[in-house]
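Could you build the full structure based on these sequences and the hints that come with them?
The lines below spell out each chain.
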Amino acid sequence: MLECTPKEPLPKDARTTGSINPIKTCQPVGALYAALGIHGCLPHSHGSQGCCSYHRMALSRHFHEPAMASTSSFTEGASVFGGAANLKTSIKNVFAIYNPEIIAVHTTCLSETIGDDMPTIIKQSEIPEGKYVIHANTPSYHGSHVTGFSNMCKGIVSYLAESDGNPKKERANIFPGFTNPGDMREIKRIVTEMGVPSIMYPDTTGVMDSPVRKTYEMFPRGGATIEAIQDSGNSKMTLSLGAWSSDEAAATLQSKCGVPGVPLRIPIGVKATDDLIMAVKKGFGVDVPEPLEVERGQVIDTLIDIHYQYEGKTVAVFGDPDIVIPLVEFLITMGMIPKYVLTGTPGGKFEKIVNGMLEEAGIEGSRVKAEGDLFDLHQWIKEESVDLLIGNAHGKYIARAEDIPLVRVGFPVFDRAVHPLMPIVGYRGCLRLIEMISNVLLDRRDRDCLDEDYELIL
Amino acid sequence: MTMTDVNIDEILAPMPDKVKKNRRKHIVKKDASAGCRPQIEANTRTVPGIITQRGCSYAGCKGVVVGPIKDMLTITHGPIGCAYYSWGTRRNKARTDDSTPPDQIYSTMCFSTDMQESDIVFGGEKKLAKMIDEVVEIFHPRAINICATCPIGLIGDDLGAVSKAAEERHGIPIIHYNCEGYKGVSQSAGHHIANNQIMERMIGTGTEKVDGKYVLNFLGEYNIGGDAWEIERVLEEIGYTVGSTLTGDSAYATIKNMHTAHLNLVQCHRSINYIAEMMETKYGIPWLKVNFIGIDATIDTLRDIAQCFGDKELIARTELVIERELAAVTPEIERYQKICRGKTAFIFVGGSRSHHYQFLLRNLGMEVMVAGYEFAHRDDYEGREVIPTIKSDADSKNIPELHVKPDTEMYRPPHLRLKMSQEKYDELVASGVLNEYRGMYPDMVNGGIMIDDANHFETEELVKVFKPDLIFTGIKDKYVTHKMGLPSKQIHSYDYSGPYTCFRGAVTFAKDVAHSLSTPAWKMITPPWEQSITEQR
Numbered sequence: 001m002l003e004c005t006p007k008e009p010l011p012k013d014a015r016t017t018g019s020i021n022p023i024k025t026c027q028p029v030g031a032l033y034a035a036l037g038i039h040g041c042l043p044h045s046h047g048s049q050g051c052c053s054y055h056r057m058a059l060s061r062h063f064h065e066p067a068m069a070s071t072s073s074f075t076e077g078a079s080v081f082g083g084a085a086n087l088k089t090s091i092k093n094v095f096a097i098y099n100p101e102i103i104a105v106h107t108t109c110l111s112e113t114i115g116d117d118m119p120t121i122i123k124q125s126e127i128p129e130g131k132y133v134i135h136a137n138t139p140s141y142h143g144s145h146v147t148g149f150s151n152m153c154k155g156i157v158s159y160l161a162e163s164d165g166n167p168k169k170e171r172a173n174i175f176p177g178f179t180n181p182g183d184m185r186e187i188k189r190i191v192t193e194m195g196v197p198s199i200m201y202p203d204t205t206g207v208m209d210s211p212v213r214k215t216y217e218m219f220p221r222g223g224a225t226i227e228a229i230q231d232s233g234n235s236k237m238t239l240s241l242g243a244w245s246s247d248e249a250a251a252t253l254q255s256k257c258g259v260p261g262v263p264l265r266i267p268i269g270v271k272a273t274d275d276l277i278m279a280v281k282k283g284f285g286v287d288v289p290e291p292l293e294v295e296r297g298q299v300i301d302t303l304i305d306i307h308y309q310y311e312g313k314t315v316a317v318f319g320d321p322d323i324v325i326p327l328v329e330f331l332i333t334m335g336m337i338p339k340y341v342l343t344g345t346p347g348g349k350f351e352k353i354v355n356g357m358l359e360e361a362g363i364e365g366s367r368v369k370a371e372g373d374l375f376d377l378h379q380w381i382k383e384e385s386v387d388l389l390i391g392n393a394h395g396k397y398i399a400r401a402e403d404i405p406l407v408r409v410g411f412p413v414f415d416r417a418v419h420p421l422m423p424i425v426g427y428r429g430c431l432r433l434i435e436m437i438s439n440v441l442l443d444r445r446d447r448d449c450l451d452e453d454y455e456l457i458l
Numbered sequence: 001m002t003m004t005d006v007n008i009d010e011i012l013a014p015m016p017d018k019v020k021k022n023r024r025k026h027i028v029k030k031d032a033s034a035g036c037r038p039q040i041e042a043n044t045r046t047v048p049g050i051i052t053q054r055g056c057s058y059a060g061c062k063g064v065v066v067g068p069i070k071d072m073l074t075i076t077h078g079p080i081g082c083a084y085y086s087w088g089t090r091r092n093k094a095r096t097d098d099s100t101p102p103d104q105i106y107s108t109m110c111f112s113t114d115m116q117e118s119d120i121v122f123g124g125e126k127k128l129a130k131m132i133d134e135v136v137e138i139f140h141p142r143a144i145n146i147c148a149t150c151p152i153g154l155i156g157d158d159l160g161a162v163s164k165a166a167e168e169r170h171g172i173p174i175i176h177y178n179c180e181g182y183k184g185v186s187q188s189a190g191h192h193i194a195n196n197q198i199m200e201r202m203i204g205t206g207t208e209k210v211d212g213k214y215v216l217n218f219l220g221e222y223n224i225g226g227d228a229w230e231i232e233r234v235l236e237e238i239g240y241t242v243g244s245t246l247t248g249d250s251a252y253a254t255i256k257n258m259h260t261a262h263l264n265l266v267q268c269h270r271s272i273n274y275i276a277e278m279m280e281t282k283y284g285i286p287w288l289k290v291n292f293i294g295i296d297a298t299i300d301t302l303r304d305i306a307q308c309f310g311d312k313e314l315i316a317r318t319e320l321v322i323e324r325e326l327a328a329v330t331p332e333i334e335r336y337q338k339i340c341r342g343k344t345a346f347i348f349v350g351g352s353r354s355h356h357y358q359f360l361l362r363n364l365g366m367e368v369m370v371a372g373y374e375f376a377h378r379d380d381y382e383g384r385e386v387i388p389t390i391k392s393d394a395d396s397k398n399i400p401e402l403h404v405k406p407d408t409e410m411y412r413p414p415h416l417r418l419k420m421s422q423e424k425y426d427e428l429v430a431s432g433v434l435n436e437y438r439g440m441y442p443d444m445v446n447g448g449i450m451i452d453d454a455n456h457f458e459t460e461e462l463v464k465v466f467k468p469d470l471i472f473t474g475i476k477d478k479y480v481t482h483k484m485g486l487p488s489k490q491i492h493s494y495d496y497s498g499p500y501t502c503f504r505g506a507v508t509f510a511k512d513v514a515h516s517l518s519t520p521a522w523k524m525i526t527p528p529w530e531q532s533i534t535e536q537r
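So the sequence lines, in the order shown, correspond to chains A and B. The opening position of the first sequence corresponds to residue 1 in the UniProt record's numbering, with each subsequent residue numbered one higher. The opening position of the second sequence corresponds to residue 1 in the UniProt record's numbering, with each subsequent residue numbered one higher.
Everything labelled a hint here was simulated from the structure, so no lab data went into it. Just so you know, not all the hints are guaranteed correct.
Covered stretches of chain A (in silico footprint by chain B; criterion: 3 or more residues with CB under 8 angstroms from a CB of chain B, positions within the stretch not fixed) [what the hints assert, rightly or not]:
| # | region |
| --- | --- |
| 1 | 8–17 |
| 2 | 54–64 |
| 3 | 88–101 |
| 4 | 439–450 |
If you're wondering where the values come from, they're calculated on a predicted model, not measured in any experiment. Even for Gly, the Cβ is constructed at its ideal location relative to N, Cα and C.
Below, the structure written as structure tokens:
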């Protein structure tokens, strides 16, 4: 596997352009995923058919769920004359045939490059009474899939959220970031456990983890309702989880409706979960209920019990910034050594934040890179290997080539099931991460050791 | 099974009039008593807003045809997405062999110029040229593919000029494909663009003659789940040599010598018939439409191939291999037939597979009620004789036609390639064995539906009418089918199973289908506390 990757490290200026085995993809897939978090929404891709097909495929492979979306089906004609006619026809046909509550349009590099004016085209379209069409600009040549998720979240706020001018309700908005439905469910549970009502959006629970019911529902029962999203302008505060995926939407809601946003990390690991709970406690003056205290205590107990199974092990972590940052923090908490940390998403602050955490922990000699790719990582590993890889499924080729165990976290995970349902957030998520990490390391030790070292007692 | 008198107009009734009128032409019912083939509309634009299964030209070119060429490094020139989604998406298995060492295999990797906003504004040619220089320096590939994405055509990057200059710098073939996603109406445009370049830039450039008494090329076989390897095993046991496949487990090193073969086998008619025809004209290599999906279909195909050479020993050896393979799999097939018999299915997949799998399902006692292609042309449904009557529209005119002439040095008349007399060859052509494909329609079950570019709405309605037991589809529709309470099998990726070809493949397929139908969970969808209510209903 990957035998063509040079055995020796490359000279520093050998690679200056392009991406080899990327750790990011394009904006629209994130926008499509975010749009699926609105109840009754049909995401619509404004461009040629391939984009929509690829994005639906990527989401279906990761979630093992239908990911419905329509497309403007550009051919050469639309590319020359503009896509206005295609979008207007699409909107008309989509409402007539599929009858969604709302259509969430995102652009592609094609419609962005020809410069289709989305707000104007939407204004000129026939939209049935009581139905909505919203949009986000998601050019693929800027940012990553995380940027697209963020842009659609911002679009949802801009089009739908309203403030009625009355005093704010004792309620939290939760912007969960680009996470799996299992994570969103767990975040809602934690806030509910604290006795605080909440509105989460986008909310793909019930949409991208829906049960089999024997009848297909094109618009599954989950997702944030339009009414709830509209009313989010009247909430007391917004818990904005993940700077890259949620902060822009929170800032927009703050300036549009005066709902203050509290910027937090996605609650992966003890500290990030503590921060979320403290923010809710402080914001609403509530106590932390015993069940959450118990859960936290269980995590600390486990960390104490089995730290020797993973402490001091080196690990390479790659993925989306909002996932990787708190994950690295947790790995440091576990006593592990994040040796290589990469994201594909651009943004210098990623390197600053991760380097800051490493420095604070006194970890030296690690490499951190934003806008990195898996070829960078592979080259680093060839120079000096690590004990464990943590990242998306594309890491499996390096895992095999270099014989390093891989723990699958993030997006996409194509080659395993169940993961979208199982949270890695909150204290329960901590336990799951510890279990996954320590198990692969122990399995590895059992696999590699001599017969006389093969032991049951640890 | 009962033949439901399906009313297509009723199914389409909720659609807006214009859409209804358009879609009506894409849906055809098999009526054996009518005596003639009805015309189906295909290879025309998808209605905007319709949830289609189709992809784009880039997907057809890079994703399907050129991406699997294992020893070529393929750079996608464009923003990150297109390269990313066509990375490790299709299961075109590849392995090292005599001509391709492990450090020359690139097909599992993803190369993108990752264009940024400034590249869109100022042009991406310099970035592409630089990336070519860098990957040549790092990987030393034998040859490189450059595939274009939507914005490339819009901003006018000249891929031809960049490739040509880089070719001169590095002394290796650098082949470009103007396969921008918006070209044509589906993946089909990309297949055609890829075919043209493979024909013009690869085939015929090699000088090594493939050893073997009967050398075959295998066109339109992508080695999903090892399909090509199973076919090769059987063919080699009979005494053939497979020169190269196009393009599953194929290599630039072997593709360039394909012109030396005696006969071309065409598996996927849609994606590769262009090359088959052009090789016939340019080099005199005849082609034979084959189908290795299904036991009876495989037997017929093996006999057809043997007949093309007319060698008695070859024919005898063919029968021997058929007998031996058949004996090995028959008891196993019978075991699964018990579960499968009488069941019905829908099948939606590109190429020729919606046609081919009907034979395999019939071996299991199943029947396909609704079948459709994503990106086919009329000839894939109605047979090649309609080709002269197909009117080309604006979308298909955008795809350049490559006109080839007999090669002055390398052309050898087809009958000499097959080592037979001109009369015997003419007979084979006249009998419809060589250079012919009759399409899906003749093999559809009476009362069944052929549907082109099937969309989600129509599929759901047809499920209500036919109540199939199983749907063969791709990933986008797989989980929709599951939610309907119906089993589905991915027929693009085989759900990571396979191979499904020839005799042993039929057993693997039979087992997979039987398991899909009978997995205990299907009976557990209704929880016990609701069962009494269900029974009352």
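Now for the hints, and whether the structure bears them out:
With a cut-off of 8 angstroms between beta carbons, the region 8–17 of chain A has 5 residues touching chain B; three or more are needed, and the interface restraint holds. Counting residues of the region 54–64 of chain A whose beta carbon lies closer than 8 angstroms to any beta carbon of chain B gives 8, which reaches the threshold of three, so the coverage claim holds. Figure legend: the region 88–101 of chain A, annotated as covered by chain B; annotation consistent (9 residues with Cβ-Cβ distances under 8 angstroms, at least 3 required). Check on the region 439–450 of chain A: 0 of its residues sit with their Cβ under 8 angstroms from a Cβ of chain B, so the three-residue criterion for coverage is violated.
Hint 4 from the list above is the single one not met by this structure.
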